[in-house]
Amino acid sequence: MEIPFVAKARPDTGLYNAKVGIWLFLASEVMLFGAIFSAYILLRVGADPGTWPHGLLNIPIGTFNTAVLITSSVTVVLGWSALKMGNFAAYRKYQAVTILCALGFLGIKTFEYREKFGHYEVWLKNPITVKHGDKDVQTDRLLGHIDYKGAHPLFWKTATLAGAPEVKDKSGKVVKAAVPPVESFKFEPDPYHYTMSSKEIYEAKKHAAGQPHTPIEIKSADVKRLSAFVPAHGTYFAIYFTLTALHGLHVLVGALVIAYIWGPGAKMWRTNPEQYMNRVEVSGLFWHFVDLVWIFLFPVLYLL
Amino acid sequence: MSDAHSHADIKKHVRIYLAVFVALLVGTIITVWLNYFHFDSVVLTVSIALFVATIKAALVAGFFMHLISEKKAIYAMMAATVFFFAAMMYLTVWAREQVPKGSQYTGDKHVPYPAANGGAY
Numbered sequence: 031m032e033i034p035f036v037a038k039a040r041p042d043t044g045l046y047n048a049k050v051g052i053w054l055f056l057a058s059e060v061m062l063f064g065a066i067f068s069a070y071i072l073l074r075v076g077a078d079p080g081t082w083p084h085g086l087l088n089i090p091i092g093t094f095n096t097a098v099l100i101t102s103s104v105t106v107v108l109g110w111s112a113l114k115m116g117n118f119a120a121y122r123k124y125q126a127v128t129i130l131c132a133l134g135f136l137g138i139k140t141f142e143y144r145e146k147f148g149h150y151e152v153w154l155k156n157p158i159t160v161k162h163g164d165k166d167v168q169t170d171r172l173l174g175h176i177d178y179k180g181a182h183p184l185f186w187k188t189a190t191l192a193g194a195p196e197v198k199d200k201s202g203k204v205v206k207a208a209v210p211p212v213e214s215f216k217f218e219p220d221p222y223h224y225t226m227s228s229k230e231i232y233e234a235k236k237h238a239a240g241q242p243h244t245p246i247e248i249k250s251a252d253v254k255r256l257s258a259f260v261p262a263h264g265t266y267f268a269i270y271f272t273l274t275a276l277h278g279l280h281v282l283v284g285a286l287v288i289a290y291i292w293g294p295g296a297k298m299w300r301t302n303p304e305q306y307m308n309r310v311e312v313s314g315l316f317w318h319f320v321d322l323v324w325i326f327l328f329p330v331l332y333l334l
Numbered sequence: 036m037s038d039a040h041s042h043a044d045i046k047k048h049v050r051i052y053l054a055v056f057v058a059l060l061v062g063t064i065i066t067v068w069l070n071y072f073h074f075d076s077v078v079l080t081v082s083i084a085l086f087v088a089t090i091k092a093a094l095v096a097g098f099f100m101h102l103i104s105e106k107k108a109i110y111a112m113m114a115a116t117v118f119f120f121a122a123m124m125y126l127t128v129w130a131r132e133q134v135p136k137g138s139q140y141t142g143d144k145h146v147p148y149p150a151a152n153g154g155a156y
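These protein sequences, in sequence, are chains A and B. The first sequence begins at 31 in the numbering used here and counts up one residue at a time. The second sequence begins at 36 in the numbering used here and counts up one residue at a time.
Looking at chain A on its own, in the form it has when it is part of the complex:
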């Protein structure tokens, strides 16, 4: 049996099947992202004054990534237009740019994630004096980078400082050597803390620009808590990683679908061009939605 309205539109609605399908799917996607977004609102509103981190994400990189995603969105629609005019070669070129932009976006996001995994907040038992901009500030909470034996470790947490005993399997063979405890580590403190206002952070960063970091030595015994900028750091990074990772997954899946239609799926252009154009349009609709989500995520997570 042949399924009706796969290529041609249904006369009464003027829609082919996949068009209805993708819009219903996008409706459910709106609710998915909306639900997590509402969680963000609640967490943000519930945060004690001055505790919501801001100014921790890289705005130039985020802006650039926004531009990359917008570019990919316009090449999708230009590619589809080219196909509508029967110009398959131009469509191929435009969609190649789309796929490259998608990979670029994911690459940049990976770099950003990695930066966060190696950026720390340390809570000290007793306040010490550090420079915030041109001011000397007494604080027991520092942001910065760990320098341990010349390396910048990722994912350290409070428990890491205690080291780890050796792990043996059932026969008594050592499968994981013991990790000695960290007595102390070098810490390169940032010249700001997110409890400052965004203006103060901006001024402090500007003042400190170009000046060398002066690492301080922190004894593990003085550390109350240590956390990289991972979801466990607090609700801000928890919701940041949830939203951006879910969005990143959408970018990945969208890119795979577009790449399939662009590559191996392109045979259909010769056998059934109408249905092929539908596929390109529907995958494009999904792609624009992914762009649309990012349009909200970028200001909300990076700027506010």
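Be careful, since some hints might not be right.
Just a sample of chain A residues kept apart from chain B, beta carbon distances all over 12 Å, derived [to be verified]: (1) Thr105; (2) Phe118; (3) Ala181; (4) Pro294; (5) Gly295; (6) Lys297; (7) Arg309.
Some chain B residues close to chain A (C-beta under 8 Å, calculated; not the full set) [as the list claims (entries may be wrong)]: (8) His42; (9) Arg50; (10) Ile109; (11) Thr127.
DSSO-like mimics (lysine-lysine), calculated; alpha carbons at most 30 Å apart, straight line [as the list claims (entries may be wrong)]: (12) Lys236(A) <-> Lys146(A); (13) Lys46(B) <-> Lys200(A); (14) Lys216(A) <-> Lys229(A); (15) Lys179(A) <-> Lys106(B); (16) Lys114(A) <-> Lys107(B); (17) Lys123(A) <-> Lys146(A); (18) Lys46(B) <-> Lys297(A); (19) Lys46(B) <-> Lys114(A); (20) Lys107(B) <-> Lys38(A); (21) Lys114(A) <-> Lys146(A); (22) Lys46(B) <-> Lys123(A); (23) Lys106(B) <-> Lys146(A); (24) Lys38(A) <-> Lys47(B); (25) Lys46(B) <-> Lys38(A).
It should be emphasised that the hints constitute simulated quantities derived from the structure, not laboratory data. From the three backbone atoms N, C-alpha and C, an ideal C-beta is built for every residue, glycine too.
Once you've looked at the hints, dock chain B against the given chain A.
Just chain B now, with coordinates in the frame of chain A:
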């Protein structure tokens, strides 16, 4: 889109797409640029950022996704989506006085809950 589109129509559309592309880039730059002003009012900052984002989203949905000239059935679906989305967002307003407090992980016993020492770490 319907099949009735002539090549001239599509060429006109391409110009619109490019204009929207430029508008989106300009919108992004405006949002980031405004961020450097550091308004004292949080409400103002949030309102402006979300206002620009909404315009950008409308441009993408309207022109890239062709919502500006879609079929009735799609509009019906979108109306339902908007209704339920608005209802879900209203839940956050509804829960305003009952939000979970605090933004820090407090699982470690030796980390005092902020409220225990007057809300400050």
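Each hint tested on the structure:
For Thr105(A), the shortest C-beta to C-beta distance to chain B comes to about 9 Å, within the 12 Å cut-off, and the non-interface label is violated. With a cut of 12 Å on Cβ distances, Phe118(A) stays outside the contact zone with chain B, its closest approach being about 15 Å. No beta-carbon of chain B is positioned within 12 Å of the beta-carbon of Ala181(A); the least distance is around 25 Å. Under the 12 Å C-beta cut-off, the non-interface status given to Pro294(A) relative to chain B holds; the minimum distance is some 26 Å.
With a cut of 12 Å on Cβ distances, Gly295(A) stays outside the contact zone with chain B, its closest approach being about 21 Å. Remark: the non-interface label on Lys297(A) is consistent with the geometry, its nearest Cβ contact in chain B lying 22 Å away (cut-off 12 Å). For Arg309(A), the non-interface assignment is confirmed: its Cβ lies about 14 Å from the closest Cβ of chain B, beyond the 12 Å cut-off. The beta carbon of His42(B) comes within 5 Å of a beta carbon in chain A, closer than 8 Å, and the hint placing it at the interface holds.
Interface restraint check: Arg50(B) against chain A, minimum CB-CB distance 10 Å, threshold 8 Å, status violated. Interface restraint check for Ile109(B): the shortest CB-CB distance to chain A comes to about 5 Å, inside 8 Å, so the restraint holds. Restraint check, Thr127(B) versus chain A: the minimum CB separation of about 5 Å is within 8 Å; hint holds. With a C-alpha separation of about 21 Å, the suggested pair Lys236(A) and Lys146(A) falls inside the 30 Å cut-off, and the hint holds.
Taken as a hint, the Lys46(B) and Lys200(A) pair is broken in the structure, with Cα atoms around 72 Å apart against an allowance of 30 Å. A hinted pair counts as satisfied when its Cα atoms are at most 30 Å apart, and Lys216(A) with Lys229(A) qualifies at roughly 29 Å. A threshold of 30 Å between alpha carbons decides the hint, and for Lys179(A) with Lys106(B) the separation of about 64 Å lies outside it, so the pair is violated. Restraint check for Lys114(A) and Lys107(B): the C-alpha separation of about 23 Å stays at or below 30 Å, so the hint holds.
Proposed proximity of Lys123(A) and Lys146(A) is contradicted: the alpha carbons are some 35 Å apart, above 30 Å. At most 30 Å may separate the alpha-carbon atoms for a hinted pair to count; Lys46(B) and Lys297(A) meet this at roughly 26 Å. Taking the CA atoms of Lys46(B) and Lys114(A), the gap is about 10 Å. The hint holds against a cut of 30 Å. A C-alpha spacing of about 17 Å is found between Lys107(B) and Lys38(A), which places the hinted pair at or below 30 Å, so the restraint holds.
Our distance criterion of 30 Å between C-alpha atoms is broken by Lys114(A) and Lys146(A), whose separation comes to about 44 Å. For the given pair, Lys46(B) sits about 17 Å from Lys123(A) by alpha-carbon distance, which is consistent with the 30 Å threshold. Straight-line distance between C-alpha atoms of Lys106(B) and Lys146(A) comes to about 45 Å, which puts the hinted pair past the 30 Å bound. Between Lys38(A) and Lys47(B), the direct Cα distance comes to roughly 24 Å. Compliance with the 30 Å bound is thereby established for this hinted pair.
Our distance criterion of 30 Å between C-alpha atoms is met by Lys46(B) and Lys38(A), whose separation comes to about 23 Å.
The structure fails hints 1, 9, 13, 15, 17, 21 and 23 (numbered hints given earlier, in ascending order).
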